[in-house]
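Use the sequences and the hints to build the structure in full.
Residue numbering for the sequence shown follows our numbering, beginning at 1 and increasing consecutively.
Be aware that one or more of the hints could be misleading.
What the hints assert, rightly or not - For lysine-lysine, the following BS3-like pairs were computed, each having C-alpha atoms within a straight-line distance of at most 27 Å:
{"no.": "1", "residue 1": "Lys368", "residue 2": "Lys302"}
{"no.": "2", "residue 1": "Lys2", "residue 2": "Lys248"}
{"no.": "3", "residue 1": "Lys185", "residue 2": "Lys249"}
{"no.": "4", "residue 1": "Lys325", "residue 2": "Lys302"}
{"no.": "5", "residue 1": "Lys323", "residue 2": "Lys285"}
{"no.": "6", "residue 1": "Lys368", "residue 2": "Lys356"}
{"no.": "7", "residue 1": "Lys323", "residue 2": "Lys303"}
{"no.": "8", "residue 1": "Lys166", "residue 2": "Lys185"}
{"no.": "9", "residue 1": "Lys303", "residue 2": "Lys351"}
{"no.": "10", "residue 1": "Lys302", "residue 2": "Lys2"}
No wet-lab data here; the hints were simulated from the structure. Computed from a predicted model, the values in this text were never measured in an experiment.
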Amino acid sequence: MKEINDIISAYHLATFENIRMALATVVKVEGSSYRQPGARMLVTEDGKLTGAISGGCLEGDALRKALLAIHQQQNKLITYDTSDEGNTEFGVQLGCNGIVHILFEYIDPADPGNPIALLQQLENSRQEMVIVTLFSLEHRDKQPGTVLIADAEGKNIALNKGYHTKDIVQYALSAKERKESFLAKVEQDGALCEALIEYRPPLVALYIIGAGNDVKPLVELADILGWETTVIDGRATHALPQRFPKAKKVILATPEQAITEIHCDPFTVFVLMTHNYHYDLALLKFLISTETRYIGSLGPKKKLQRMLDEMETEGSMVTEEQKAKIFGPVGLDIGAETSEEIALSIISEIKAVLSKRQGGSLRFLTTKIHHEIRNIS
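Below you can see the structure in the form of structure tokens.
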């Protein structure tokens with residue numbers, strides 16, 4: 001979502017300055033590629049790039065293709081074949097051993113259904129959303145582009161130029177149910193075209209319970225990833241907005257007040273790091289019954305076990321399912337010592353949990369690094 005939000009901001013600036021632009025989207029990958037379907041990059045007429053469609057190898061040629069789409073005011077599909085090291089058709093030697101199809105869409109700010117106007121519906125949304133992008137691998141065919149943004153129930157949040165079929169809506173519902181993106185074939189104007197059905201979860205919402213100095217790098221790293229961070233603490237000397245300029249909110253609250261300030265969904269995560277046992281305990285009692293998939297507990301395992309024992313002594317039975325979402329000591333084992341290193345360890349563990357990955361070294365991975373976008377047709 002951070003990439004899309006950055007693109008939206010760049011779009012508004014270009015529109016204000018009356019600069020024409022195009023949106024490049026990776027719509028299909030065959031083999032290996034640095035970026036996967038759904039990666040986007042905004043290209044403005046003056047050569048500015050926001051977002052990325054590769055590790056930097058395609059961007060130069062993509063700029064030229066985007067400028068062509070801008071000048072012709074027409075969508076274009078370009079295919080980069082990196083599987084043949086002798087292929088110099090595009091002047092790039094990527095060595096990625098894959099074929100990458102990129103759709104370039106001309107952006108008309110006066111059109112309320114232009115691709116970025118549709119993508120704006122994702123901004124600040126706490127819903128799971130689906131983006132539908134239609135394209136044809138026959139390069140001379142019509143390239144519809146971004147046509148639909150749908151919410152979790154398959155309702156149209158935004159729709160472009162009347163592209164709406166029962167198949168598209170059903171695919172959108174399926175993507176939400178599976179919580180994954182996939183490729184499919186749909187019929188438009190009597191012809192078959194391909195559709196990237198793209199599942200997009202909301203931004204990660206990170207609540208940090210504690211406002212000590214060790215929280216500062218955690219807030220800053222979360223901001224780099226585009227996460228929304230809320231800092232809560234009961235100390236008036238610590239819970240100050242000026243101490244955490246990158247946080248969305250900084251709240252001064254007792255444990256009882258803090259509970260009323262928390263809005264939780266499956267994409268909300270928590271880290272308990274007040275260095276106050278009773279404050280952390282009060283929040284843990286509440287959080288284990290929420291939808292969160294991650295509760296990090298700073299401090300030794302002995303502290304966490306003491307909290308769990310005390311809860312059970314009070315009659316609050318903690319199930320194995322609830323225990324499974326508590327991570328204490330918090331963070332991945334990377335040998336972290338400083339607050340910055342600990343923040344990196346925590347952020348990495350949260351990302352791994354939300355991505356359903358183990359967080360180990362890629363050198364030991366026996367499968368592909370990226371989840372393959374399947375073609376279900």
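(message) With the threshold set at 27 Å, check whether the alpha-carbon distance from Lys368 to Lys302 stays at or below it.
(response) violated (37 Å)
(message) Need the status of pair Lys323, Lys285: alpha-carbon distance at most 27 Å?
(response) holds (12 Å)
(message) Lys185 and Lys249 were given as a pair; does the straight-line alpha-carbon distance stay at or below 27 Å?
(response) violated (44 Å)
(message) Hinted pair, alpha-carbon criterion (27 Å max): Lys368, Lys356. Please report holds or violated.
(response) Holds - the C-alpha atoms of Lys356 and Lys368 are around 14 Å apart, at most 27 Å.
(request) Below or equal to 27 Å on CA atoms is what counts here, so check Lys325 against Lys302. (result) holds (17 Å)
(request) Could you grab the alpha-carbon distance between Lys323 and Lys303 and see if it respects the 27 Å cut-off? (result) Status holds; Cα separation ~14 Å.
(message) Run the distance test for Lys166 versus Lys185: straight-line Cα separation, threshold 27 Å.
(response) holds (13 Å)
(message) What's the verdict on Lys2 and Lys248, does the C-alpha distance respect the 27 Å limit or exceed it?
(response) holds (15 Å)
(message) So if I understand the rule, the pair passes when the alpha-carbon distance is 27 Å or less; does Lys303 with Lys351 pass?
(response) holds (24 Å)
(message) So if I understand the rule, the pair passes when the alpha-carbon distance is 27 Å or less; does Lys302 with Lys2 pass?
(response) Judged against 27 Å, a Cα distance of about 37 Å means the pair is violated.
The structure shown violates the earlier hints numbered 1, 3 and 10.
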